[in-house]
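J.: Order-wise, the sequence lines are chains U and V. For the first sequence, the numbering used here assigns the number 1 to the initial residue and increments by one for each residue that follows. For the second sequence, the numbering used here assigns the number 1 to the initial residue and increments by one for each residue that follows.
You can take every hint at face value.
A short, non-exhaustive set of chain U residues, derived as facing chain V with CB atoms under 7 Å: (1) Phe-148; (2) Ser-149; (3) Asn-150; (4) Arg-151; (5) Phe-161.
I should point out that these hints are in silico values taken from the structure, not numbers from a laboratory. All C-beta atoms, glycine included, are put in the ideal place defined by N, C-alpha and C.
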Amino acid sequence: MDMIKTTIDGREIEVQRDRWALEVAREMGIEIPTLCHHSALEPYGACRLCVVEVTKGKWTWLTTSCDLPIREGLTIRTDTPAVIAARKTALELMLAQAPDAEEVRQLAEQLGTKSPRFPDRNESNACILCGLCVRVCKVVTGKMAICFSNRGTDRKVGPPFDRSSDECIGCNACVDICPTGCIESRDEAGIRKIPMLKTELKLADCEVCGKPFAPIRQLEHMQAKLREKFGDDFEAGCICPVCRREQTAARLHNVAEKIG
Amino acid sequence: MNLSKVDNIIQDYKGNPSSLVMILQDIQEELNYLPEPVLNHVAGKLSLSVGHVCSVATFYSSFSLEERGKNVIRVCDGTACHLRGANLLKDEIVRALNISEGQTTEDKLFTLEVVACLGACALAPVMTVNKKYYGQVTREKLLATLEKYRQKDSCVLSEPNDSKKTD
Numbered sequence: 001m002d003m004i005k006t007t008i009d010g011r012e013i014e015v016q017r018d019r020w021a022l023e024v025a026r027e028m029g030i031e032i033p034t035l036c037h038h039s040a041l042e043p044y045g046a047c048r049l050c051v052v053e054v055t056k057g058k059w060t061w062l063t064t065s066c067d068l069p070i071r072e073g074l075t076i077r078t079d080t081p082a083v084i085a086a087r088k089t090a091l092e093l094m095l096a097q098a099p100d101a102e103e104v105r106q107l108a109e110q111l112g113t114k115s116p117r118f119p120d121r122n123e124s125n126a127c128i129l130c131g132l133c134v135r136v137c138k139v140v141t142g143k144m145a146i147c148f149s150n151r152g153t154d155r156k157v158g159p160p161f162d163r164s165s166d167e168c169i170g171c172n173a174c175v176d177i178c179p180t181g182c183i184e185s186r187d188e189a190g191i192r193k194i195p196m197l198k199t200e201l202k203l204a205d206c207e208v209c210g211k212p213f214a215p216i217r218q219l220e221h222m223q224a225k226l227r228e229k230f231g232d233d234f235e236a237g238c239i240c241p242v243c244r245r246e247q248t249a250a251r252l253h254n255v256a257e258k259i260g
Numbered sequence: 001m002n003l004s005k006v007d008n009i010i011q012d013y014k015g016n017p018s019s020l021v022m023i024l025q026d027i028q029e030e031l032n033y034l035p036e037p038v039l040n041h042v043a044g045k046l047s048l049s050v051g052h053v054c055s056v057a058t059f060y061s062s063f064s065l066e067e068r069g070k071n072v073i074r075v076c077d078g079t080a081c082h083l084r085g086a087n088l089l090k091d092e093i094v095r096a097l098n099i100s101e102g103q104t105t106e107d108k109l110f111t112l113e114v115v116a117c118l119g120a121c122a123l124a125p126v127m128t129v130n131k132k133y134y135g136q137v138t139r140e141k142l143l144a145t146l147e148k149y150r151q152k153d154s155c156v157l158s159e160p161n162d163s164k165k166t167d
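Extracted from the complex, chain U is given alone in its bound form (with noise of 0.2 Å):
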């Protein structure tokens, strides 16, 4: 592996090429806030909050620093007035498209952004349009039930065409990894409901205890991701996690005791 000098904020450091700018940093001890990122996704650039002023040779520009790969010759700077105007105009924006949201209240106190330039868009809404729940849901589910749809000021998250989709195994991956916690999903008398993408889904009991604790589509989903991996026979079974620890607990311990 190629490894190659930079500079982090003055601090010289040796570091594999290609590697993400805010992830070196992060690791540094440097702290850049961010809303899109999430380590199990490739870096999207949506937030804007981790913008980085890079210099090279005569130039010096400001960019995101989750998708900037570090190269020779590049010396980034975290702290400057120019990184932290440009952090707060990308919260004003962001409160104004995003009232409800708390996480990005927050941020915008800590970084001292008082009232927002921009007027709110009167919808009480809390969706920062980063796209984690659209990326995730693609990615690590390997599904689409989620999605963007139209442009500009009228885009939004939301299941293809506005209707409840078949694709949807109600595993909850969007609700947790929503960054402003604006997708809620609640389980109600054996049924999944997640209003925002017009999920409502039948919940399977456990085999065990005999309670509702997931949706029987995520565990078909489940079931079939198995397959593929341990062959056609595989039987993953219908145990919820609590009953499933109590059993995994109780094998230990007779494994334990046979040891003595």
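Position chain V relative to chain U; hints supplied.
T.: Structure of chain V alone, referenced to chain U:
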């Protein structure tokens, strides 16, 4: 919905998912708009998710997911046309057809769209009806043009009646 035409179009591009935009353009040319069942069908044929096709189809303003009129009027509101009264031209069409921007007349004859630039700034103000350009449009010119398209379509519709008369 006749899907065989759609299948032929997909076949023209050998079912290549990277040709999605071209395929959608051709389908819109054929059907005048992109009905949702057709988009679902295209997604299936190209092995793309419905979500992907939905994102692409809603991203480009030249794609319409709603049924449009037989004649699509596009009024240019680019810089040059704007300065030469594109707004007045638009208002005139709104009055004449009793529809607002993006809507279709009840008889499904006209749809009005306002676009950013039609690339014919020297002819400002410009509008197109289907693929024909009309430059330096005035009120009189506009009303005459609309009438021409009305006549053209009513002629086609009334042809059987005419033949009855001669009988």
